[in-house]
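Asks: Sequence:
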Amino acid sequence: MPRRGENVYKRKDGRWEGRILKSEGKYQYVYAKTYKEVKEKMKNYKEHLKIRERKLPAQTTSAAELFEVWLNSDISKQVKPSTYENYYSCIKKYVIPFFRDSGTDRITELSVAKFVKSIKDNGSLAESYKRKILTIFKTALKEVLKGSERYAAVMEVVKMPKTKNSNVQVFSINEQRLIENTALRAEDRRALGILLCFYTGIRLGELCALKWCDIDFEAGTMSVMRTVSRTKNFQQEKNKTVLLVGTPKSHKSARKIPLPDFLLKLSEQFKLRVEEENCYILSGSSMPIDPRTYQKLYKKILVTAGVKDHKFHAIRHTFATRALELGVDIKTLSEILGHSNVSITLNIYAHSLMEQKKIAMDKLNSMHITHMKAASFVVADSVASV
9 MPRRGENVYK
19 RKDGRWEGRI
29 LKSEGKYQYV
39 YAKTYKEVKE
49 KMKNYKEHLK
59 IRERKLPAQT
69 TSAAELFEVW
79 LNSDISKQVK
89 PSTYENYYSC
99 IKKYVIPFFR
109 DSGTDRITEL
119 SVAKFVKSIK
129 DNGSLAESYK
139 RKILTIFKTA
149 LKEVLKGSER
159 YAAVMEVVKM
169 PKTKNSNVQV
179 FSINEQRLIE
189 NTALRAEDRR
199 ALGILLCFYT
209 GIRLGELCAL
219 KWCDIDFEAG
229 TMSVMRTVSR
239 TKNFQQEKNK
249 TVLLVGTPKS
259 HKSARKIPLP
269 DFLLKLSEQF
279 KLRVEEENCY
289 ILSGSSMPID
299 PRTYQKLYKK
309 ILVTAGVKDH
319 KFHAIRHTFA
329 TRALELGVDI
339 KTLSEILGHS
349 NVSITLNIYA
359 HSLMEQKKIA
369 MDKLNSMHIT
379 HMKAASFVVA
389 DSVASV
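For the sequence shown, the numbering used here begins at 9 and goes up steadily by one.
Please note that a few of the clues may not be correct.
[As the list claims (entries may be wrong)] Straight-line distance between alpha carbons at most 35 Å, and here's what the computed DSBU-like set of lysine-lysine pairs gives: (1) Lys-273 <-> Lys-248; (2) Lys-47 <-> Lys-101; (3) Lys-170 <-> Lys-138; (4) Lys-30 <-> Lys-44; (5) Lys-339 <-> Lys-150.
[To be verified] Listed next, with one range per pair, are the computed distances between beta-carbon atoms: (6) Ser-97 <-> Met-375: 52 to 62 Å; (7) Ala-368 <-> Asn-80: 51 to 61 Å; (8) Glu-157 <-> Ala-227: 11 to 21 Å; (9) Asp-224 <-> Arg-23: 16 to 26 Å; (10) Cys-221 <-> Glu-151: 35 to 45 Å; (11) Leu-354 <-> Lys-246: 38 to 48 Å; (12) Phe-270 <-> Asp-82: 22 to 32 Å; (13) Asp-317 <-> Tyr-35: 51 to 61 Å; (14) Lys-54 <-> Arg-158: 21 to 31 Å; (15) Asn-130 <-> Phe-225: 24 to 34 Å; (16) Ala-134 <-> Lys-54: 37 to 47 Å; (17) His-321 <-> Pro-89: 15 to 25 Å.
Just so you know, the hints here were simulated from the structure itself, not pulled from any lab data.
Here a beta-carbon is modelled for each residue, glycine too, at the ideal position from N, C-alpha and C.
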C-alpha cells in the first residue's frame, strides 16, 4: 500500500520524486537526479507557497488586485529590469484597467476571453504589440491561478493572434553606401559604430555596451557580453529612468563574432587615442553612452546622407538581408545575430529566403538551358525516327 502524505522515493527511471501535500488536498510533484536536489526543490516550493499565502490573503479576490499583487511580488527580482518594465507597462496600462473598469472583477473563462478579444480588436495596437501584451498577460495568469481548479480551462482561452509576415525595414545597397560614406566622413568618430552594426548585425544596446577589451585584434573577433538599456526607475528616487548595463537579450545573444578586416583596421585607428582597455568604445570612458543619445546621432547621419528615415534596428535587418544575398547559411546567420533559435531567424527573414530560393531556381533553369537542351533534342530525334 503506497504511503500517504509527503515522501521522497527513487523511481525506476533513476530519478528521485518528491511529493508535497498542498492545502487543497492535492499533491505537487517535483523531480531531480539526486535525493539532495529533490529535497531542495521541495523546500523551495514550500517557501514559494508561504510567500503566495502572505501575498495573496483570502480577502484579495478581485482580478485587478490579484494582478497588482503579482506585479509587486518577487517577480521584479527574477527577471531583467527591462523585462519587468514591459510587465509593469502592460499590466498597468491594459490588464488592471480592464478588470477594474469593465465590471468584470473575477478571473473566469468568460472574463479572460473578453480581455483577449479587447486586445485583438484594438486597432491602435500593432500586431506584434498585441502578442506582447497577451504573452505577458498569460505569464501573469499562470502565477495568479497556480494551484487553482480553473487553471487549465482559463489558460486554454488565451489564444495568441495569428502572426502576419510583415516586411522588415531594410536599407537598399545604394542607401547603405550613402550612410557608410557619411559615417566615415563625420566629424563625430562615434558614427563609425554604425558601420560596425552594418557588418555584424549587433543591436543598439549591444553596440553601446561594447568595450575595447571585447575586441580581440589578434584573433579578429568581437565578443558581445552585455547590453545597455534605459529603463523605468522603480526605486524611490528622483530620476524617473536609469541607465543599466546588463546581460544580453538571451543566452545565445552572448556570442563571439568574426570581424571583417576593414573593420579591424578602422577600429585600430579609432583606438589610437584610447589607453584604457576597460572603457566603453563609443563613450571613451568608464560610463556607456545612452542608446537614446546614439539614436540622435544616427538620425543626423541619415539626414546628412539624404536617406529615408528608418529605425536603428533596420541596420540589423539590413545586415541579415545582405548576408542571405551573399549565400550565408541560415544557421550561421542565426548564431551571428544571437537569436535564441533558428526558427526566429527563419520567421523574420522568410521574405529574403524566398528571394534566395528564386535565385536558386533560376540557376537550375540556366543549367537546364545550357547543359540539358542538346540532350533533349537527341531524345526527340530518336523518338521521331521510330
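Asks: Each hint should be assessed against the structure and marked as holding or not.
Replies: Going down the list of hints, with the structure as the test:
1. Pair hint Lys-273 plus Lys-248 does not hold up; C-alpha atoms about 40 Å apart against a cutoff of 35 Å.
2. Straight-line distance between C-alpha atoms of Lys-47 and Lys-101 comes to about 40 Å, which puts the hinted pair past the 35 Å bound.
3. Taken as a hint, the Lys-170 and Lys-138 pair is honoured in the structure, with Cα atoms around 10 Å apart against an allowance of 35 Å.
4. For the suggested pair Lys-30 and Lys-44, the alpha carbons sit about 21 Å apart, so the restraint of at most 35 Å is met.
5. With a C-alpha separation of about 33 Å, the suggested pairing of Lys-339 with Lys-150 holds against the 35 Å cut-off.
6. Take Ser-97 and Met-375: their Cβ atoms lie about 54 Å apart, and the range 52 to 62 Å holds.
7. Ala-368 and Asn-80 have their C-beta atoms about 54 Å apart, which keeps the hinted 51 to 61 Å range intact.
8. A hinted range of 11 to 21 Å is violated for the C-beta pair Glu-157 and Ala-227, which are about 58 Å apart.
9. For Asp-224 and Arg-23, the Cβ-Cβ distance of about 42 Å falls outside the hinted range of 16 to 26 Å, so the restraint is violated.
10. At about 40 Å, the beta-carbon gap between Cys-221 and Glu-151 stays in the expected band of 35 to 45 Å.
11. With their beta carbons about 46 Å apart, Leu-354 and Lys-246 fall inside the hinted range of 38 to 48 Å.
12. The supplied range of 22 to 32 Å is broken by Phe-270 and Asp-82, whose beta-carbon atoms lie about 48 Å from each other.
13. Checking the proposed 51 to 61 Å range against Asp-317 and Tyr-35 shows it holds: the Cβ atoms sit about 58 Å from each other.
14. Separation of Lys-54 from Arg-158 is about 23 Å and conforms to the stated range, judged on CB atoms against 21 to 31 Å.
15. Separated by about 51 Å at the C-beta atoms, Asn-130 and Phe-225 break the suggested range of 24 to 34 Å.
16. Checking the proposed 37 to 47 Å range against Ala-134 and Lys-54 shows it holds: the Cβ atoms sit about 42 Å from each other.
17. Checked against the hint of 15 to 25 Å, the pair His-321 and Pro-89 passes, with Cβ atoms roughly 20 Å apart.
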